[in-house]
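Protein chains: 4
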Amino acid sequence: MIKVGIVGGTGYTGVELLRLLAMHPHVEVTAITSRSEAGVRVSDMYPNLRGHYDTLAFSEPDAKQLGRLDAVFFATPHGVAHALASELLDQGTRVIDLSADFRLRDADEWAQWYGQPHGAPALLGEAVYGLPEMHREQIKTARLVAVPGCYPTAVQLGYLPLLEAGLVDAGRLIADCKSGVTGAGRGAKVGSLLAEASESMKAYGASGHRHLPEIRQGLTDIQAGAVSLTFVPHLTPMIRGIHATLYSTLIEAPGDLQTLFERRYAGEPCVDVMPPGSHPETRSVKGTNTCRIAVHRPENSDTVVVLSVIDNLVKGASGQAVQNLNLMFGYDEATGLSAPAVMP
Amino acid sequence: MIKVGIVGGTGYTGVELLRLLAMHPHVEVTAITSRSEAGVRVSDMYPNLRGHYDTLAFSEPDAKQLGRLDAVFFATPHGVAHALASELLDQGTRVIDLSADFRLRDADEWAQWYGQPHGAPALLGEAVYGLPEMHREQIKTARLVAVPGCYPTAVQLGYLPLLEAGLVDAGRLIADCKSGVTGAGRGAKVGSLLAEASESMKAYGASGHRHLPEIRQGLTDIQAGAVSLTFVPHLTPMIRGIHATLYSTLIEAPGDLQTLFERRYAGEPCVDVMPPGSHPETRSVKGTNTCRIAVHRPENSDTVVVLSVIDNLVKGASGQAVQNLNLMFGYDEATGLSAPAVMP
Amino acid sequence: MIKVGIVGGTGYTGVELLRLLAMHPHVEVTAITSRSEAGVRVSDMYPNLRGHYDTLAFSEPDAKQLGRLDAVFFATPHGVAHALASELLDQGTRVIDLSADFRLRDADEWAQWYGQPHGAPALLGEAVYGLPEMHREQIKTARLVAVPGCYPTAVQLGYLPLLEAGLVDAGRLIADCKSGVTGAGRGAKVGSLLAEASESMKAYGASGHRHLPEIRQGLTDIQAGAVSLTFVPHLTPMIRGIHATLYSTLIEAPGDLQTLFERRYAGEPCVDVMPPGSHPETRSVKGTNTCRIAVHRPENSDTVVVLSVIDNLVKGASGQAVQNLNLMFGYDEATGLSAPAVMP
Amino acid sequence: MIKVGIVGGTGYTGVELLRLLAMHPHVEVTAITSRSEAGVRVSDMYPNLRGHYDTLAFSEPDAKQLGRLDAVFFATPHGVAHALASELLDQGTRVIDLSADFRLRDADEWAQWYGQPHGAPALLGEAVYGLPEMHREQIKTARLVAVPGCYPTAVQLGYLPLLEAGLVDAGRLIADCKSGVTGAGRGAKVGSLLAEASESMKAYGASGHRHLPEIRQGLTDIQAGAVSLTFVPHLTPMIRGIHATLYSTLIEAPGDLQTLFERRYAGEPCVDVMPPGSHPETRSVKGTNTCRIAVHRPENSDTVVVLSVIDNLVKGASGQAVQNLNLMFGYDEATGLSAPAVMP
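Residue numbers (UniProt numbering), protein chains in the order written: chain A, 1 to 344; chain B, 1 to 344; chain C, 1 to 344; chain D, 1 to 344.
Worth flagging that the hints you see were computed from the coordinates, not collected in a lab.
Hints are not guaranteed to be accurate.
Listed below are the simulated DSS-like cross-link pairs for lysine-lysine, each with C-alpha atoms no more than 30 Å apart in a straight line [as the list claims (entries may be wrong)]:
| id | chain 1 | residue 1 | chain 2 | residue 2 |
| --- | --- | --- | --- | --- |
| 1 | D | Lys64 | D | Lys140 |
| 2 | B | Lys189 | D | Lys189 |
| 3 | C | Lys189 | A | Lys189 |
Construct the entire structure; sequences and hints are all you get.
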């Protein structure tokens with residue numbers, strides 16, 4: 001049994017960590033911080049947690065106390081983890097950061113996209129990008145893990161087999177992505193109201209989105225070479241789920257794409273390659289840490305279409321964070337992550 | 001480890017049984033029947049079950065095979081369980097029926113509401129009404145359990161403390177109930193299409209609904225006397241959930257209603273009395289076997305308003321069925337039923 | 001052609017006025033005010049208005065300018081209309097107030113429910129309650145009309161025939177009401193997010209809601225005597241629509257209730273009594289100024305159930321405001337209000 | 001005033017024609033046919049039409065009677081219009097076909113995609129493809145108009161300015177399209193149930209969809225040369241709306257794309273080019289005959305992204321049919337099509 005804390009627990013990734021960890025046999029959440037809600041019991045704010053965390057309450061963040069824990073999750077807006085992570089690492093606490101703070105290796109690029117200087121550039125060298133399907137071994141021994149973003153997870157897992165095999169033109173990748181509204185967080189924005197966002201669909205950030213450099217960095221690592229990506233996210237009237245539709249152009253005879261994907265993900269506990277001809281639904285992964293993938297080659301042309309779905313709050317955030325924790329502490333990778341999706 | 005079967009597994013209560021039993025440590029599902037889908041793997045029909053039931057397939061119902069199992073769930077339309085239940089009981093298999101076939105004690109009343117003669121009146125005497133909060137002891141030794149309907153569960157649990165205490169006028173009860181569309185089952189009806197049922201609200205069956213005699217029978221048992229109930233169900237644009245708003249009139253000074261409810265349900269693993277002033281949300285119980293209840297007395301008048309919410313497919317069907325199985329086989333009552341709701 | 005203005009036009013009732021008046025042949029909107037959005041074109045904020053109001057922009061409120069118009073609508077939060085209405089009336093401009101500011105005749109009761117002193121008690125005597133089905137003649141000559149609230153409209157129109165006929169016990173009325181989320185306005189509140197309010201149902205204000213005194217006052221007028229009402233509103237996961245389910249107890253033999261309702265509303269352009277056995281859907285009135293009503297007497301008991309549906313933003317606000325304007329200026333009452341609902 | 005009929009009026013495009021024509025000053029619907037619902041009043045089936053069509057009832061199709069009308073709309077499944085259209089044209093009635101029966105010029109290609117021989121190949125030569133923005137002049141004098149499909153309308157209008165100007169590589173077009181569920185019609189299919197289709201997103205027909213040859217034919221006409229298109233439709237949890245996200249690659253310096261689009265669509269009553277940087281929402285066109293378009297060039301690369309939204313039942317079907325009728329009979333093109341979208 002290890003003791004963990006959550007910094008910034010009032011948002012959707014925070015409550016999702018609590019939900020998942022309630023089902024984890026080896027983890028106890030002993031601290032959860034929130035400046036605005038200090039003193040409030042988590043089960044008063046999230047009634048689904050009644051009966052699971054009846055005494056746990058939000059508290060002011062305290063580096064000393066957090067530093068006594070085995071691991072601390074950051075479920076904070078960008079910029080918050082920089083300073084505190086360093087303090088915790090110094091006390092021997094391992095850090096799993098769900099924010100964007102340690103995802104980009106280049107501090108300047110981070111500063112450019114997030115509009116402020118990077119607060120802990122010295123840590124960038126050791127931060128491990130927490131995509132287990134790419135970096136499993138480094139994660140096991142990492143002190144500091146940067147959990148990938150939701151879009152980046154769905155897109156990278158979809159392109160991975162194709163780019164590793166060098167089958168497609170890395171200079172012409174198109175990722176058309178659709179997300180549920182929890183991707184925008186729990187902030188009270190007019191655009192996220194049910195009255196505004198339901199019964200409608202729209203693109204956003206068509207001219208540039210903060211997940212773009214993260215995806216590009218990840219695909220470049222996979223490809224071992226430069227990539228060019230067009231990434232258009234869309235807001236979909238549903239609570240959770242990301243559907244990535246990924247287009248690429250074959251540059252050589254591909255052999256059997258289905259087999260390529262199945263082999264690459266054989267043994268992966270959190271990636272499920274669907275049978276040929278499938279169209280994965282986001283609801284089939286809702287609440288779970290699974291990425292479901294199908295690969296198509298329409299009319300046998302030179303265009304490959306990969307369909308990749310995840311729950312943005314689980315495999316795209318809190319579930320992947322727990323998967324990383326399992327690896328870091330030697331538990332079976334899927335511990336606490338095995339409940340099937342609720343469907344319908 | 002016991003072996004169980006599911007008869008009529010293609011509907012929503014069937015797949016929900018599979019989902020819940022996938023998390024149950026002591027139960028193995030070894031048979032699931034469907035005439036129309038015989039030969040199809042359940043995980044091909046319900047992709048959320050991929051990785052959980054990769055070999056289980058629908059089969060033709062076979063009384064001999066089912067009769068070798070410890071227990072069989074019926075998730076069938078009304079009228080189907082009558083004959084087969086009898087055969088299974090004769091072979092020593094215990095039966096948990098999620099349909100309406102054994103809920104009413106009076107075969108004539110059943111025939112009147114369901115438009116056909118009752119097929120197994122001889123079994124009505126021993127069938128136990130599977131509402132654990134009322135009939136826990138009988139359930140433990142029952143061979144045949146009739147799992148309550150969804151509306152009846154929400155309504156009875158809401159009125160129970162008031163009627164047991166004799167505080168309200170049993171001759172003037174009003175249950176205004178709202179249900180998600182899965183209450184109408186998985187049948188392909190125009191009225192259940194997203195295009196027809198979303199972005200709208202309507203009542204139905206205002207002049208009489210099949211759950212009315214079941215609720216009346218249950219409330220009469222609780223009250224130990226005649227009751228008069230007006231019951232109006234409504235269709236709500238959501239997948240799951242029942243919200244029962246229950247009105248009654250005080251006939252004597254009630255003392256503290258909050259305490260009355262808390263005491264009645266103290267120790268009940270599947271009923272959660274909310275703090276004073278609460279308004280339970282159906283999403284807080286989605287996917288769980290919990291009934292959340294709040295009690296109000298508006299403007300300190302003689303009207304009591306009870307708000308009672310459940311997931312119609314869990315506490316209102318498959319979860320309550322598992323709760324009954326746990327009692328029948330001596331497991332902890334909430335085994336396999338402890339995952340928190342996914343929220344948001 | 002008359003010239004009108006809208007004060008506080010950024011909210012949902014403001015944009016709905018613009019939508020409806022775009023189809024009105026005799027009205028030109030020449031001013032719309034908003035302190036926060038001054039200078040912004042309405043079609044930039046509401047793209048559905050592109051091509052309809054391409055030059056109209058929000059402006060700072062200016063009593064002089066507004067005072068030159070024929071009529072001014074207030075689509076403001078409570079308390080705002082008190083002072084400005086008086087100024088406009090003095091200049092001869094007629095005022096149609098969609099807020100709650102002039103609905104209650106008793107300034108003290110208003111102060112109690114709205115937590116501040118009434119700002120224009122001198123006007124309460126002449127303000128006409130703008131429910132045309134009750135007060136048509138007074139509306140025609142009114143200088144100041146208080147447009148009824150959404151819940152009050154649906155509830156009063158449903159009870160009206162029963163109370164006028166003296167058929168039911170006015171001491172035991174129960175109004176169980178369900179509303180879409182636009183009832184909560186365009187404010188950015190966490191509880192109104194799609195992620196929080198969809199796929200769920202809950203009651204709110206079960207112990208007291210601001211529409212209660214308004215409904216009580218209206219029903220008392222109809223009944224010509226005291227009434228006792230329990231009113232429980234619920235939040236439903238849809239954008240628009242109110243479904244009122246109204247319970248009452250017969251105190252004398254009712255004759256044919258269907259005929260009673262049909263006669264009472266014969267000739268009413270905005271009330272539609274459905275055939276016997278009907279269950280009106282809120283979507284059937286979406287975007288329209290119609291109230292659809294059905295009356296039931298379950299199992300021929302002494303309980304009457306009336307189902308009454310409106311669009312909360314149209315017959316419950318902006319459409320009823322236009323209906324009042326039509327009466328005040330001598331136009332046909334349904335002018336500009338005749339487009340059928342979009343369905344599905 | 002002209003008299004029109006609708007063949008196959010029970011589906012969504014049929015009721016939508018009725019809704020739109022109720023607001024048309026020059027058209028009277030005097031016949032609507034349905035074999036299954038003959039004798040039923042349209043307002044009994046669609047309560048939103050109460051008060052608009054109180055006497056019109058479905059009737060058996062009768063070529064003689066229909067042949068006396070000025071125009072007949074076909075809102076039928078594919079294959080039905082072939083024989084009857086010919087009969088009506090012979091009697092001098094003009095035909096506006098909303099089905100796919102006359103959209104493809106090549107009878108063999110039609111037979112291949114629809115799995116049956118074409119029933120009226122002799123008419124293919126004179127059928128005019130009813131996209132007014134391309135074929136306005138031919139429509140005016142046409143006897144037989146094939147109204148474009150929903151996806152084809154959104155995709156063609158989005159690519160039109162780019163292809164006409166020869167700016168992009170016609171050999172590498174990617175149309176990622178998202179549709180509400182009414183695109184699947186009013187048929188009672190399990191996959192279209194609210195319980196199945198809400199709170200989820202999925203692609204379908206990724207390997208080939210019936211709209212593909214129609215889009216290809218249209219784009220080839222525009223391009224005046226061969227095109228290669230990848231088309232992936234997605235099911236979105238909303239009632240109405242299509243969002244087409246269109247990718248293409250520049251093959252020469254484009255100049256100002258915004259100006260290109262604005263000039264091409266200047267004066268078009270049913271196409272609205274949004275300001276630079278816009279992301280059109282499907283709800284902004286709900287219920288209207290408008291196509292809203294925005295053009296982006298992410299990071300100033302050689303990839304152009306066009307966002308094109310329509311209401312699949314209006315500009316994608318019944319509204320475009322009325323627009324064609326207006327052209328054919330010399331009315332202003334937007335007659336009866338000017339009501340703003342209901343929003344929110």
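Legend entry - Pairwise hint evaluation, Lys189(D) against Lys189(B), where the allowed Cα distance is 30 Å at most: holds, 8 Å
Legend entry - Satisfaction of hint between Lys189(A) and Lys189(C), Cα-Cα up to 30 Å: holds, 8 Å
Legend entry - Agreement of Lys64(D) and Lys140(D) with the hint, judged by alpha carbon distance not exceeding 30 Å: Distance of about 25 Å is within 30 Å: holds.
In this structure, none of the earlier numbered hints is contradicted; all agree with it.
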